[in-house]
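K.L.:
Start from the sequences and build out the full structure, keeping to the hints where you can.
Going line by line, the protein sequences match chains A and B. Taken in order, the first sequence gives residues 1 to 464; the numbers are from my numbering. Taken in order, the second sequence gives residues 1 to 464; the numbers are from my numbering.
To be clear, the hints were calculated from the coordinates, so they are not data collected in a lab. Some hints could be false.
Identical chains share a label here; the pair holds if one copy fits it or two copies do between them.
Straight line, CA to CA, 20 Å or less: simulated EDC-like cross-link-like pairs of lysine to aspartate or glutamate [stated by the list, open to error]:
| no. | residue 1 | residue 2 |
| --- | --- | --- |
| 1 | LYS276 | GLU360 |
| 2 | LYS316 | GLU362 |
| 3 | LYS316 | ASP38 |
| 4 | LYS276 | ASP212 |
| 5 | LYS188 | GLU395 |
| 6 | LYS316 | GLU35 |
| 7 | LYS316 | ASP205 |
| 8 | LYS276 | GLU297 |
| 9 | LYS316 | ASP39 |
Number of protein chains: 2
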Amino acid sequence: METTGAVEAVRREFDGSIEVLEELVRIPSISAAPEHVDDVARSAAATAAVLEAAGLEHVCQLAADGSHPYVVGEWTHAEGAPTVLLYAHHDVQPPGIVANWATEPFEPRRDAGRLYGRGSADDKAGVVAHAGAVAAWLAAAGELPCNVRVLVEGEEEIGSPNLEAFLTAHLDELAADVLVLADAGNWKVGVPALTYSLRGLAGADVRVRALDGPVHSGMAGGVVPDPAMALATMLASLVDEHGDIAVPGFADDAVSLTPEERARIAALPGDAERVKRSWGFRPGVGFAGDPGVSLWERIWRRPSLTVTGFDSHPIKGSSNQIVARAAARISVRLVPGQDPHRANELLRRHLEAVVPWGLELEFRPLGASPAWRCEPTGWAFEAAQRALRAGFDAEPVLMGVGGSIPFVGPFAEAFGGIPALLLGPADPTSAIHGENESLHLDDWRKLIESEVLLLAELAATHPS
Amino acid sequence: METTGAVEAVRREFDGSIEVLEELVRIPSISAAPEHVDDVARSAAATAAVLEAAGLEHVCQLAADGSHPYVVGEWTHAEGAPTVLLYAHHDVQPPGIVANWATEPFEPRRDAGRLYGRGSADDKAGVVAHAGAVAAWLAAAGELPCNVRVLVEGEEEIGSPNLEAFLTAHLDELAADVLVLADAGNWKVGVPALTYSLRGLAGADVRVRALDGPVHSGMAGGVVPDPAMALATMLASLVDEHGDIAVPGFADDAVSLTPEERARIAALPGDAERVKRSWGFRPGVGFAGDPGVSLWERIWRRPSLTVTGFDSHPIKGSSNQIVARAAARISVRLVPGQDPHRANELLRRHLEAVVPWGLELEFRPLGASPAWRCEPTGWAFEAAQRALRAGFDAEPVLMGVGGSIPFVGPFAEAFGGIPALLLGPADPTSAIHGENESLHLDDWRKLIESEVLLLAELAATHPS
Chain A
1 METTGAVEAV RREFDGSIEV LEELVRIPSI SAAPEHVDDV ARSAAATAAV LEAAGLEHVC
61 QLAADGSHPY VVGEWTHAEG APTVLLYAHH DVQPPGIVAN WATEPFEPRR DAGRLYGRGS
121 ADDKAGVVAH AGAVAAWLAA AGELPCNVRV LVEGEEEIGS PNLEAFLTAH LDELAADVLV
181 LADAGNWKVG VPALTYSLRG LAGADVRVRA LDGPVHSGMA GGVVPDPAMA LATMLASLVD
241 EHGDIAVPGF ADDAVSLTPE ERARIAALPG DAERVKRSWG FRPGVGFAGD PGVSLWERIW
301 RRPSLTVTGF DSHPIKGSSN QIVARAAARI SVRLVPGQDP HRANELLRRH LEAVVPWGLE
361 LEFRPLGASP AWRCEPTGWA FEAAQRALRA GFDAEPVLMG VGGSIPFVGP FAEAFGGIPA
421 LLLGPADPTS AIHGENESLH LDDWRKLIES EVLLLAELAA THPS
Chain B
1 METTGAVEAV RREFDGSIEV LEELVRIPSI SAAPEHVDDV ARSAAATAAV LEAAGLEHVC
61 QLAADGSHPY VVGEWTHAEG APTVLLYAHH DVQPPGIVAN WATEPFEPRR DAGRLYGRGS
121 ADDKAGVVAH AGAVAAWLAA AGELPCNVRV LVEGEEEIGS PNLEAFLTAH LDELAADVLV
181 LADAGNWKVG VPALTYSLRG LAGADVRVRA LDGPVHSGMA GGVVPDPAMA LATMLASLVD
241 EHGDIAVPGF ADDAVSLTPE ERARIAALPG DAERVKRSWG FRPGVGFAGD PGVSLWERIW
301 RRPSLTVTGF DSHPIKGSSN QIVARAAARI SVRLVPGQDP HRANELLRRH LEAVVPWGLE
361 LEFRPLGASP AWRCEPTGWA FEAAQRALRA GFDAEPVLMG VGGSIPFVGP FAEAFGGIPA
421 LLLGPADPTS AIHGENESLH LDDWRKLIES EVLLLAELAA THPS
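P.N.:
Written out as C-alpha cells, the structure is:
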C-alpha cells in the first residue's frame, strides 16, 4: 500500500521535519517590521530550499510590486488527477513583549512535547507540513496521487495587501480544483478540526492631538483638553456595556446564521471553565459579549473590536503633564456579509462625531478584508473529514474561527469558487500571535499524516 | 544707599549667577527616578556650595528618614529684625520625551534671552535667586537688613512626602516671621505676580488585568475582555462632557469663592487667544471645562483630572493581541477645602464600581496633599507688592496657580500661620515640567533685584 508507506515515511522523517521547522523559526520574518525586510527575504529563500528538498519542482520566488516574496513550487505529473493548491505563510507576527517569553522568541526550544518559538505554530509548521506530506509520498511511491501546487505567502500577518495584484499576475500558474490551507488549527490537542468560517478585518490607527507639546497638568488642568482622556472617551463610545460594538448600523450588513449553523454550533462540546483556562482568564474574570449569544457564535459570527495599541506617555517617567497627543490602534473583526470599507467608514464617521473639544483627529485605516464562510459539505470536505479522522483517530470538529485569513475568500473565488479546506497545526494553547507561541509536536505529526491521506482521498473521490 | 548698592551688585554679578545656574542644571536631580538618587545627592552638595558661596552660614544637608536631602543655611545677625525663610527646591521633573527637546535636557543652552534646560525655571533659578539676593546684600552692605534662613528641598517634584517628618524634626531651626517661596512665577514676561492660592494633589495608578498573558484578538475577540478598552471606559466615566470630574460628591468639600475673589479674578487681564497660544493649542481646539466658569476660576478653583500616563501595548509592534492588562496614571488637582484622602477614596470607590467583567483592579494612590490659599493682604503682601513693582517697573498681579506646592500650607501653619509670599522665575512660556523648559533671563534678574528690595521692605515694615 503506497498510502501506508507514505504515512510511515512521515514518521521516519519526523525528527528531520522538526529540525527543518527549527531552522525556519530561527529567522525573524516579521513582515510588519521594515527593519526585518531582509529577514523576510531570508525566510523566503529558506522556504524555497525546504520545498526543493521535498521534491517540488519549479520552485521560485514571486513578488507583486513592492510585496514581500511569495514562494511557489509544484508537482504536476498526475495526469487526470485533480490539482490541489497547498497554502501556508512564512512570515510571522512581531514577538510582542520579549521579556514575557520564557526564552528567546526566535530560538526554538522543545519542552514537554511542544516546540516553542515565534512562528512555530503560525505558520511555519504549515509550511513544513506541506513539504513533509509531499516528500513522504515521493519517498514511498515516487509520485503523488494528485497534482500539487504549493504557495507560501510572505505577508499574511500584515493582511495580504498585495494578494489581489499577485493573483491577477499569476492566476494561471496557480489554478487548482481544491485549496488546502494549513493556517488554522485543531479543536483541541488530539481533536482535529475543519474550519469553514473566518472573520474579516478592519480597523484604524486613530490619533487625537490638542497641543503643540505637553503642558503642566496643574498649571493648565481644567481648561486644556486632555488628549489621553479624549481618546478614552472616544474609545468607550464605540462599545456597549458588554464590550460589543455600539456604532449604529455597524452589523446591519452581516448575514444571519442558518438554523443548521446555529444547531451545529449549539451541539459543539463546550466548557466555559476550560475555555477560560485556555485563554488564561484571571480568577473571577467573566466573559465579554452579549450573554444571550453562545460563546462560539460570539467569536465566529459577531463582529468585535479590540484596542490593540495605545500610545500616550507611559506611566514610568510621567511628569504630571497633559500630553499633546494620544493614539490608539483599533482592530475590528468582521463577520460574513460585512463590507470592510463600509465598516471603516462607519468607524471614521462615529469618531469624527464624538471627538471632543475640536481636537485634531487623524484616522488612518488599516488593511481591510472581508470575512469568509462556506458550506462544509461536498466531496472535498468529506475527503478531509475521512483523512483527519484516520490521521488523528478522532472525529474532526466543523468549526468557525474568529481570526482572519484574508487570502481564503479571494483565492477560492478567483478559481470559480473551489472548495477550501482549512486545517492547521495550532491548538487553543498555542498562543499564536502571543508570547511563548508553541506547537504540539505529536499533533503536528498527525496533521502531516492526515495530509498524506488527504491527497489520496482527494484523488480518489474528485468528481470530474 | 545700601539697597541701591545691593541692586547694583545683582547686576554686576548677574553673568556669574547664570553660570552658577547652568552648573546646577547640568545635574539631573530627578527625585522621582531611583536611578538618579546619586544625582539628587550631588545636586544637594552643589546647592550647599552655592549657599556657602553666597555667604550663608551653618550650611548643611538634613534628611528626614529615607528622604532626599534638604539643604539649609542661615544668616541671623540682624538683631531685632524679622526672620525670613526663603524656600526653593533643587530636584527636578523627569525630562519627558528627550527626543522632543531641541538640545539635551541637562545641557543648559542660552538662546534669544532665555536659558533652556530641565530645572532652569523650576526651580533651580529659585535656588540661585535666593543665593544671589543674599550675596548682593553682603557684598554691598556687609550685612542683611533682616535675618534669613534658606531651605532648599530635594523632593518637591514627588510631592514632598517627608515634609511633615522633616518639619517635626527641625521646627526650631527654621522658625520665621514670613515665608518667601521662589517656586511660582510671573503673570507673563515683564509682569510679576504674587500667588495666593495653589491647588492640591491626589491621584492614583490604576491597573486592570483580565488575563495571564495576551491572546489573539481574532481567536478571542468578543468573549475575552479587553483590558485596554475596559480602562478607557473606566477613565471616561470619571469626567463629564466638559472633561470636568463627574465622580459624585467629589467637590462637595470645596470652599466657595468669596465675592471679592470672584471680582478679583473677573478683573484680571485675560485674552483667550493669547492663553491658547501660550499653551500651544492646535488650530481649532477649544477649552475644556464648564464654559459657564471663567478660565482662571476653572484652573485655580475647580478640581481637574488628567490621564498623565497610560501603559498598554504601544501601536508600534502591536500584533493583533488583546492585552493582558492595562494601566493609567490619574493625576487630580484639588481646590481649597478638599481632603486629598477623601478625594482618593471617592476615586477608588468609583473605579471599583465601574470596573467591567470582574477584571482585577489595582488602585495605588499617589502622594496626596491639600490645596492652599491665603488672603493676599497685610504688611508682608504690601511689602512684596512694593518690591516687585519697583523691581519690574510693572504692577504685580495677584493670582492663583493651578499647580501644587505641597510645602506651603503645612509650613505656614507650622509657624502659626505666618504670611507666605509666592513669587518665582517661571513665566507662562517656561514649559516647566514640559520639554524645552526655559527661563527668561532678564525677568530672572528683575526677580533677584526684587528679592533684594523685598528683604529691605520686610525689615522696614514688619509690625513687631
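K.L.:
Decide, hint by hint, whether the structure agrees.
P.N.:
Going through the hints against the structure:
In this assembly of identical chains, the alpha carbons of LYS276 and GLU360 lie at most 20 Å apart only when taken from different copies (15 Å versus 40 Å within one copy). In this homomeric assembly, LYS316 and GLU362 come within 20 Å of each other (Cα to Cα) only across copies, at 16 Å, whereas the closest approach inside a single copy is 26 Å. With identical chains, the CA atoms of LYS316 and ASP38 are at most 20 Å apart between copies only, with a shortest distance of 19 Å across copies and 34 Å within one. Proximity of LYS276 and ASP212 under a CA criterion of 20 Å is satisfied inter-copy only: 11 Å between copies versus 44 Å inside one chain copy.
In the homo-oligomer, the alpha carbons of LYS188 and GLU395 lie at most 20 Å apart inside one protomer (12 Å), although the nearest pairing across protomers, at 78 Å, exceeds that limit. For a Cα distance limit of 20 Å, the shortest separation of LYS316 from GLU35 across copies, 12 Å, qualifies, whereas the shortest one inside one copy, 27 Å, does not. In this assembly of identical chains, LYS316 and ASP205 lie within 20 Å of each other by CA distance solely across copies; the values are 11 Å between and 24 Å within a copy. Taking CA atoms no more than 20 Å apart as the test, LYS276 paired with GLU297 passes inside one copy only; the shortest distance there is 16 Å, against 50 Å between copies.
Proximity of LYS316 to ASP39 under the C-alpha cut-off of 20 Å is restricted to the inter-copy arrangement: shortest distance 18 Å between copies versus 33 Å within a copy.
Hint compliance for this structure: every hint is met.
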